[in-house]
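Asks: Now for the letters of each chain:
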Amino acid sequence: MSKSKRIKLNKKQSINGWIFLAPATLMIVMLSFVPMVRALILSFQKGTGAKLSWTGVNNYVRMFSDNVFMQSLLNNFIYLLIQVPIMLILALILAAMLNNKSLKFKGLFRTAIFLPCATSLVSYAIVFRTLFSNNGLVNYFLIKLGILETGYSFLTHTTSARIIIIIALIWRWTGYNMVFYLAGLQNIDYSIYEAARIDGASTVQIFRKITVPLLKPIILLTAIMSTNGTLQLFDESVNLTFGGPANTTITMSHYIYNTSFKYVPKFGYAAAMSYLILVLVAILAFIQMRVGDRRE
Amino acid sequence: MIDVNKKNNNAISYIILTIVSLLSVFPLYWMAVSATNKSVDVTRGTLIPGLAFIDNVKQLFVVQAVGTAMANSFKYAIILTVLSLFICSLAGYGFEIYHDKGKDLVMSIILLSMMVPFVAILIPLFQMISAAHLLNTTAGFILPSISTPLLILLFRQSARSFPRDIIEAARIDGLKDYEIFFRMFIPTQRSTYAAALTITFMAAWNSYLWPTVIMSDEKSLTMPMLISNLIQGYVTDYGVLMVGVLLCTLPTVIIFFVLQKNFAEGITGAIK
Amino acid sequence: MSLAACSTPTTSDTTTKAAAATTAGADETTAATAAAGDNTLTVWCWDPAFNIYAMQEAEKVYQKTNPDFKLNIVETPWADIQTAMTVAATSGDYSTLPDILLCQDNAFQKNVISFPDEYVDLTDSGIAFDQFGAAKVAYSVVDGKNYGVPFDNGAVISCVRTDILEQAGYTVDDLTDITWSRYIEIGKDVLAKTGMPMLSMQAGESDLIMMMMQSAGASLFDAEGNPTIVDNATLKAVLTTYAELVTSGVLVQVNNWDEYIGTLTSGTVAGTINGCWILGSIQTAKDQSGKWAVTNMPKLDNVTGATNYSNNGGSSWAITANCKNVTLAEDFLSKTFAGSVAFYETILPSSGALATYIPAGDSDVYSKPSEFFQGDTIFKKITDYAAKVPKNNTGVYYYEARDAVATALTNIIGGADADTELKAAQDAVVFLMQG
Chain W
1138 MSKSKRIKLN KKQSINGWIF LAPATLMIVM LSFVPMVRAL ILSFQKGTGA
1188 KLSWTGVNNY VRMFSDNVFM QSLLNNFIYL LIQVPIMLIL ALILAAMLNN
1238 KSLKFKGLFR TAIFLPCATS LVSYAIVFRT LFSNNGLVNY FLIKLGILET
1288 GYSFLTHTTS ARIIIIIALI WRWTGYNMVF YLAGLQNIDY SIYEAARIDG
1338 ASTVQIFRKI TVPLLKPIIL LTAIMSTNGT LQLFDESVNL TFGGPANTTI
1388 TMSHYIYNTS FKYVPKFGYA AAMSYLILVL VAILAFIQMR VGDRRE
Chain A
16 MIDVNKKNNN AISYIILTIV SLLSVFPLYW MAVSATNKSV DVTRGTLIPG
66 LAFIDNVKQL FVVQAVGTAM ANSFKYAIIL TVLSLFICSL AGYGFEIYHD
116 KGKDLVMSII LLSMMVPFVA ILIPLFQMIS AAHLLNTTAG FILPSISTPL
166 LILLFRQSAR SFPRDIIEAA RIDGLKDYEI FFRMFIPTQR STYAAALTIT
216 FMAAWNSYLW PTVIMSDEKS LTMPMLISNL IQGYVTDYGV LMVGVLLCTL
266 PTVIIFFVLQ KNFAEGITGA IK
Chain E
70 MSLAACSTPT TSDTTTKAAA ATTAGADETT AATAAAGDNT LTVWCWDPAF
120 NIYAMQEAEK VYQKTNPDFK LNIVETPWAD IQTAMTVAAT SGDYSTLPDI
170 LLCQDNAFQK NVISFPDEYV DLTDSGIAFD QFGAAKVAYS VVDGKNYGVP
220 FDNGAVISCV RTDILEQAGY TVDDLTDITW SRYIEIGKDV LAKTGMPMLS
270 MQAGESDLIM MMMQSAGASL FDAEGNPTIV DNATLKAVLT TYAELVTSGV
320 LVQVNNWDEY IGTLTSGTVA GTINGCWILG SIQTAKDQSG KWAVTNMPKL
370 DNVTGATNYS NNGGSSWAIT ANCKNVTLAE DFLSKTFAGS VAFYETILPS
420 SGALATYIPA GDSDVYSKPS EFFQGDTIFK KITDYAAKVP KNNTGVYYYE
470 ARDAVATALT NIIGGADADT ELKAAQDAVV FLMQG
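Line by line, the protein sequences are chains W, A and E.
Add 1137 to the 1-based position in the first sequence for the working numbering, that's all there is to it.
Add 15 to the 1-based position in the second sequence for the working numbering, that's all there is to it.
Add 69 to the 1-based position in the third sequence for the working numbering, that's all there is to it.
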């Protein structure tokens, strides 16, 4: 286990450090922060299209009496609290399993599990909708096994529709996170595992006491990214459930998109809702970093 | 005793991995099968391969400029990936190896930029790019995505495990900072670069909203736009659609398959 | 866009457009002089088999009198057209827009009122708007001005499988010119005797609701643009009828579009009610040829102004503020889509592209019998239907209202109280209107 001592930085080296990160930082400032400031200004305005007028914090206040937005907020948190932990744990376990010298066919397994996130959104949406349709495969098996009598319309009932989104998200993104963990695991010396085995540690113990702690930096990365991704969820709401039934699966980003492009454009309100998402993600990310971002 | 444990553990691993793999792959099997069937059969829900693959492929090339789309998608994705990896790994290295309170703070602030839905900054960004006369250009396409908090954070977190004593030793040996980065850091981060390459390429390849806003020329057609065109009509040919979707999915999968031996254990020996 | 001289962005163009766009009501399009010898127009539309094909044929027709005319057609999905329009208009930079684009009829009110400078006013362009069905033209009329040249026909038809009906002892005539209560009666009987529902619809979409509303000339907004979701007797009648269709099993709700098409091609329903463009999808099932028939939709019971005709979908061509040669664009549209019966005769057979140009309906091609539909002259029939569609009030906040009503509908079918749901729907629309 290499302890990263703080290297002493003299003046020149400190400047070098800033030079390394300057290009990327400047680009983000120019291409993200500048537009973000414009959007922030927009969030204090109201009006249609380009006909805007100042309205102070009114947008931020009224979003809490917007039933659809509040529903979407709830939906996002349901997905976040259920889907993200399951997905990350699953990805961790799969990555740990695949980090095994004596296992064969690893290449095939890795590729198979990665495939879902490479699938184009259109086809994955059609496939899932078809699978869970009234005459789809899932209903077919459920009827054959005698669990159901007639096809259950999964996507037109709230709870099942939400479950389908969660399943779809887990299916799609587990492989993606697994890739990060696999990469991270390569930075852990394999001899550590062997030493632990010789000491008599079980697989579960190795996983809990060695693998997970050493992967903490990457786990933190995936936790922040997944939180961000889930609170900004868009594709599944738009293409899989269309926000239904009766707005019980719609996400905040989907509603923001509607407010900007499907309905009469209200960019001020859309910007305010977007900033709420930023606040939520920032708070959660901050908590996660406080808890998990340690340099040993 | 260790061997029996190993065998049991491996058996469990094989079972779980196989089940997960089959579940992961099944929808793609459905896609591939649909690509070989006529549209009307696809809507009837068939699971058996048909004989219409060649016809579907031919039809796809008739109704869409597949060559243009593939070429464009590759072009944008490759240029974006190369630039992105370079700039973001430099930054991640800088943030971690030279870390101090100031740099950590800047990192946190940078993270904020990914927390706003893209839709909110779409129009200000468009206005900027338009004012810079970069509409309809490759530069306009890739500029917003070159520097991303995700990649910077990934490289920073991965750099945590890069041993600092090596850097000290190299410095004493007279190596300059950038030489340390190129000659020592990059080779040890093969797996991180492989992961970064895959996800950046994939994101670039699948990007849709920004390209449709900034490119208004049929010569800049990309694969996702092509797919979108296929479902726009009053009548959708699902067989042809699935061929397009397969074509759209394959490049990322191939790249991953080629790169994934970098996720194989035992690369850390390179440091020595 | 690089081929079309009309729309190459240059520095001065951008600033001219930006300045022009912010001047309310300015006739900015005539400020730009047409380049000498400039005879190319850029068009954005979707669907190669239908709209793009029609534009290509229109190009040929116009080239007979203007040999060096050229069209640059860029295939663009509707959602992307809407996004591009919104981005361009909001940022004041129209340079990315084409000369002509295809716009969904339901979106005209929203776009013209939100962005008044975006489309060219066609009222005095010489285009023969009186040659199109009044309801169709009305979609693209804002404040008495025309902004769109009507194109594809969305007239509602009721398609039925005559073989299934026969099993239950009915013919297509039994379903012609009837009321919804009769339709439900027959539907229950068909369901009992054959196990097939008469209809399928996408759950959570208000297509059928809107069709039924328009069939009685009713709307979700009044002429002043106020929402009329609450205290709307017609809407309540519509929702009650729809709920009965679902609970009786005459209408089966499916999850999405692909499933809906699947019910038609797999023959798990006895028919469908939708815009006439559904014919294309039905005819992909070649083995069902000769088993389908076309008739008009049922009308609402006990509602004043109820008819058997309505509309679902359809779009019209609009000329954008970025067009530098408006005269050419207007002339082109006038001589083809708004003037050439020969054009409509050409496009009908291969694409099934039904139009709303009334003179075309009298031509021989439109009177050709369709084998798939048992030799019926469906094109003539549908063109006649289109002329009888009642006008409605789309309203600026059309999409907001549609979604709100769809939500209410889902809840009502699930057992919620209709009045409460309608109030909630109206509140949701009013909320968005206040932004």
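Be aware that a few hints might be false.
Claimed, not checked - Computed Cβ-Cβ distance ranges for the label pairs, DEER-style: (1) E/Thr192 <-> A/Val97: 51 to 61 Å; (2) E/Asp137 <-> A/Leu38: 52 to 62 Å; (3) W/Ser1328 <-> A/Ala147: 34 to 44 Å; (4) A/Val97 <-> W/Gly1283: 37 to 47 Å; (5) A/Ala185 <-> W/Ser1328: 32 to 42 Å; (6) A/Glu183 <-> W/Ser1328: 18 to 28 Å; (7) E/Thr263 <-> W/Gly1283: 21 to 31 Å; (8) W/Asn1147 <-> A/Ile31: 44 to 54 Å; (9) A/Ile63 <-> E/Thr192: 51 to 61 Å; (10) E/Gln132 <-> A/His148: 44 to 54 Å; (11) W/Ser1239 <-> A/Leu38: 19 to 29 Å; (12) W/Val1428 <-> A/Val121: 40 to 50 Å.
Since the hints were derived computationally from the structure, they do not count as laboratory data.
For clarity, every value in this text was computed on a predicted model and none was experimentally measured.
Where a beta carbon is used, it is the ideal one built from N, C-alpha and C, also for glycine.
Asks: A separate judgement is required for each hint: does it hold in the structure or not?
Replies: Hint by hint, here is what the structure shows:
1. E/Thr192 <-> A/Val97: 51 to 61 Å: 54 Å, holds
2. E/Asp137 <-> A/Leu38: 52 to 62 Å: 59 Å, holds
3. W/Ser1328 <-> A/Ala147: 34 to 44 Å: Violated: the Cβ-Cβ distance is about 53 Å, outside 34 to 44 Å.
4. A/Val97 <-> W/Gly1283: 37 to 47 Å: Violated, at about 56 Å.
5. A/Ala185 <-> W/Ser1328: 32 to 42 Å: 24 Å, violated
6. A/Glu183 <-> W/Ser1328: 18 to 28 Å: 24 Å, holds
7. E/Thr263 <-> W/Gly1283: 21 to 31 Å: 26 Å, holds
8. W/Asn1147 <-> A/Ile31: 44 to 54 Å: 52 Å, holds
9. A/Ile63 <-> E/Thr192: 51 to 61 Å: Since A/Ile63 and E/Thr192 have Cβ atoms about 58 Å apart, the given range 51 to 61 Å holds.
10. E/Gln132 <-> A/His148: 44 to 54 Å: The hint (44 to 54 Å, Cβ to Cβ) is violated, given that E/Gln132 and A/His148 are roughly 34 Å apart.
11. W/Ser1239 <-> A/Leu38: 19 to 29 Å: 24 Å, holds
12. W/Val1428 <-> A/Val121: 40 to 50 Å: 21 Å, violated
Of the numbered hints given earlier, the model fails hints 3, 4, 5, 10 and 12; all others are met.
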